[in-house]
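The chain contents come next:
2 protein chains.
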Amino acid sequence: MNTKLSLDFGKIIRELRKGKDISQEELGFRSNLHRTYIGMIERGEKNITLESIEKLSKGLDVSMKLIFEKLNKIHQ
Amino acid sequence: MNTKLSLDFGKIIRELRKGKDISQEELGFRSNLHRTYIGMIERGEKNITLESIEKLSKGLDVSMKLIFEKLNKIHQ
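As you go down the protein sequences, you meet chains A and B in turn. Per full-length UniProt numbering, the very first residue in the first sequence carries number 1; after that it's consecutive. Per full-length UniProt numbering, the very first residue in the second sequence carries number 1; after that it's consecutive.
Treat the hints with care, since some could be wrong.
You can't tell identical chains apart in this list, so a pair holds if it fits in one copy or across any two.
[Unchecked claim] Below are the DSSO-like pairs computed for lysine-lysine, each with C-alpha atoms no more than 27 Å apart in a straight line:
| hint | residue 1 | residue 2 |
| --- | --- | --- |
| 1 | Lys18 | Lys46 |
| 2 | Lys4 | Lys18 |
| 3 | Lys58 | Lys4 |
| 4 | Lys18 | Lys58 |
| 5 | Lys4 | Lys55 |
| 6 | Lys20 | Lys58 |
| 7 | Lys55 | Lys20 |
| 8 | Lys46 | Lys58 |
| 9 | Lys55 | Lys65 |
| 10 | Lys73 | Lys11 |
| 11 | Lys55 | Lys18 |
| 12 | Lys20 | Lys46 |
Hints were generated in silico from the structure; no laboratory data involved.
All chains should be modelled from the sequences, with the hints used to inform the complete structure.
Shown next as structure tokens:
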């Protein structure tokens, strides 16, 4: 995809993951998503689904609300 | 799908649409999504993507942040 939206979303996920000091592999494990999929999301290469957004939020131990608050600040 | 998440998301979209007093057809037109797709989303039958969430938010003239604030209140 690599739309502005998916790129901005990916930035937020990477920022949150680094804030937790965990690898893509560890986030994949915690989210029940493949580590290569985490990489694609962070690079904005995927049009992620709502279900996967929820999995990521659980893996990151944050609310979906927080993710979209952060997205709102950088995405227009 | 009809997961708890997609059902809860659909409820929020329906509530927002009714608050604007517009039909599924009108929301489809404003969102550049098919009216039958709007119906499926509202009934929780689709695992919506991030790009379509953004289209819906634009069609509803609300932020994605607002949608997830509302979702956060009813979904756990």
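Which numbered hints fail: none
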